[in-house]
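Chains as they are written, first to last, in this note's numbering: chain W, 1 to 109; chain F, 1001 to 1473.
I should point out that these hints are in silico values taken from the structure, not numbers from a laboratory.
Wrong hints could be hidden among the right ones.
Said to hold, decoys possible - Label pairs and their calculated CB-CB ranges:
#1 Tyr2(W) / Phe1342(F): 23 to 33 Å
#2 Lys1213(F) / Gly54(W): 38 to 48 Å
#3 Ile1022(F) / Tyr2(W): 43 to 53 Å
#4 Leu1461(F) / Gln7(W): 29 to 39 Å
#5 Asn1194(F) / Pro34(W): 44 to 54 Å
#6 Arg1023(F) / Gln87(W): 54 to 64 Å
#7 Phe14(W) / Gln1021(F): 46 to 56 Å
#8 Leu1456(F) / Gly54(W): 45 to 55 Å
#9 Leu18(W) / Leu1435(F): 54 to 64 Å
#10 Leu18(W) / His1003(F): 20 to 30 Å
#11 Arg1151(F) / Gln7(W): 47 to 57 Å
Just so it is clear, CB atoms sit at the ideal spot from N, CA and C, and this is done for glycine as well.
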Amino acid sequence: MYQLTPQERRAVLFLICLILIGLAVNYAAKLNSPIATFLDPESGFNKININRAGYQELLDLKGLTPSLAGKIIEYRQENGPFEDLRQLKKVKGIGERRLERIKDCLTLD
Amino acid sequence: MAHPLFCITIALCLGIIIASQIRLIFFWLYIVAVILFLLCIFLAAQGKKFRILLLLLCFLLGALLSVNSRSLARNHLLRLMPYAGKEVFLEGVVINSPQASFQRVSFLLNAERLKADNCWHRVSGRVLVRLSGSKKISYADRLMLRGRLRRPFYFPKPGRRNPGAYLENKGIYFILNVKINNPVKKIDSRSKGNPLIYCAYKIRQRLKEVSAKNLSSLSGSVLNALLLGLRQELPKDTAQALINTGTVHIIAISGLHLGIFVFIVLIFLKALRLPRLARYFIAIITLWGYCLMTGSNLPAVRAAIMATVFLAGLMIRRQPDTLGSLSLAALLILSINPGQLFEVSFQLSFLSIISLLFITPRINAFLLKYLKKGGRVKPLVNIFSASLGAWLGLSPLILYYFRIISPVAILGNMVIVPYLALVIACGVTLLLAGLFVPALVPIFSPAAELSILFLLKFINLLAGMPLGHFCLS
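With the sequences and hints as input, model every part of the structure.
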């Protein structure tokens, strides 16, 4: 069996005390880590370019069905690029409410 | 009498092993640990009872550390996307030096934000990013990436380790594959990064350029692996020859490299006639700088902690305590990440030192007892004992993990380990000259080139020896 001097015992117990406090704080921080979900319309990176996006990319948009994605691409091919996001209302199946839902995730640039 | 730190380390390791096998609840475990801690305080004056309680407490601490390291934050990626496998946008900071190989860049990303299902989520967790193409990414860059996020799953092969478990031990639960056409946006550089690590990686890049400019591609790749920890650049046949001859440890930055490096630094500082305390202090700083530069892999950190304890002991004129410093290194590494206990590099690194401490002296004493002219052959017997002791200690583990046994390693390490000191000395001189006095490089580069070529020739000779190694799979 090992031997420890009184000073060494005190030092070991002090270190264990620090570890116990550190473990409690770390575990509590993990349990209470904030869950945040948000839309970020400021960052252009996460927006989908309606004039360049392919079928798969348009499907990433919540609120667009596969048939609507296909209709947007058809409209683009027939009439050229969109000049205004409100022009999307001319696509059959996209109304005012749906446009409101998806416009924050779209860009023309 | 047993070493106190060694006993505490063993108790901590047992706690980590038990906690990895049984499902334990943190709260109840913590309550028991606090009660034991209070008992230890009350019984601090008693001998045997205190010692037993302390070992029990260390066992519980090991279990607590293990449970805590496996518990995930509420916003961890794994909780948000337990199955994954879909295309996402991910924003985060690069936390290691990106490795480029075969038109692909790999690095670790500390995830901060994730976009899935049209919404951004604030997240935490590490992701291994594999980026197709040759994009210039540096440590501490804040990136926005688009790619497919998946769990590291591999089909199990008999006798092979599961790479998924290897990543999970390091706290990496996801791989992000970014295709060549997917956008990669650098939002910010040097954000949240450690300036010391940033400088260390910059110096490594400069040193890599020096070796690329002044050595042949083969010698340059060997020197980069030997001194800078860049093993990916080593040709496959050279790496295989090192594995077959049991000398692959020479390209893993560890105690051998750090020892030679510190020795060179101390000689240089002594030549400058600096006072003793200043010499050791500067050596410790340089040692950690070198450890950071080579990527702070586990054997290097272990060796750096041991060397720091050793040098600090010399500063206050204390006898070196190898077992104590080894235990301290294990305690520090396991406190930060208990999962390292199940890593092959951890097991090999610590077992090699334990073999040198416990097996080598017995072989040495046994051989010297039967050699009458012990005085003349003593250095040779010492080298042989060290090589045989390390081989005997590590062979079972190497056989289990890699299915290879290399008897030629005993002879190989007897020659290569002492010779490596010369190679490292030549390499360090060349790289430092390239960094500070480029005009001197043509004088030093032939010596470095020749020393590396001789090393490779000898390794290839050993690899070609009949019955030198046996593969079991």
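Comparing the hints with the structure gives:
Taken as a hint, the range 23 to 33 Å holds for the pair Tyr2(W) and Phe1342(F), whose Cβ atoms sit roughly 26 Å apart. A beta carbon spacing of about 45 Å between Lys1213(F) and Gly54(W) agrees with the range 38 to 48 Å that was offered as a hint. Separated by about 27 Å at the C-beta atoms, Ile1022(F) and Tyr2(W) break the suggested range of 43 to 53 Å. Leu1461(F) and Gln7(W) have their C-beta atoms about 56 Å apart, which leaves the hinted 29 to 39 Å range violated.
Distance hint check for Asn1194(F) and Pro34(W): the Cβ-Cβ separation is about 25 Å, which falls outside the suggested range of 44 to 54 Å. In this structure the supplied range 54 to 64 Å holds for Arg1023(F) paired with Gln87(W), their Cβ-Cβ distance being about 58 Å. Take Phe14(W) and Gln1021(F): their Cβ atoms lie about 31 Å apart, and the range 46 to 56 Å is violated. Taking 45 to 55 Å as the suggested C-beta distance range, the pair Leu1456(F) and Gly54(W) conforms, at roughly 51 Å.
Checking the proposed 54 to 64 Å range against Leu18(W) and Leu1435(F) shows it is violated: the Cβ atoms sit about 40 Å from each other. The supplied range of 20 to 30 Å is met by Leu18(W) and His1003(F), whose beta-carbon atoms lie about 22 Å from each other. Distance hint check: the CB atoms of Arg1151(F) and Gln7(W) are about 49 Å apart, consistent with the given range 47 to 57 Å.
Checked against the numbered hints above, the structure violates hints 3, 4, 5, 7, 9; every other hint is satisfied.
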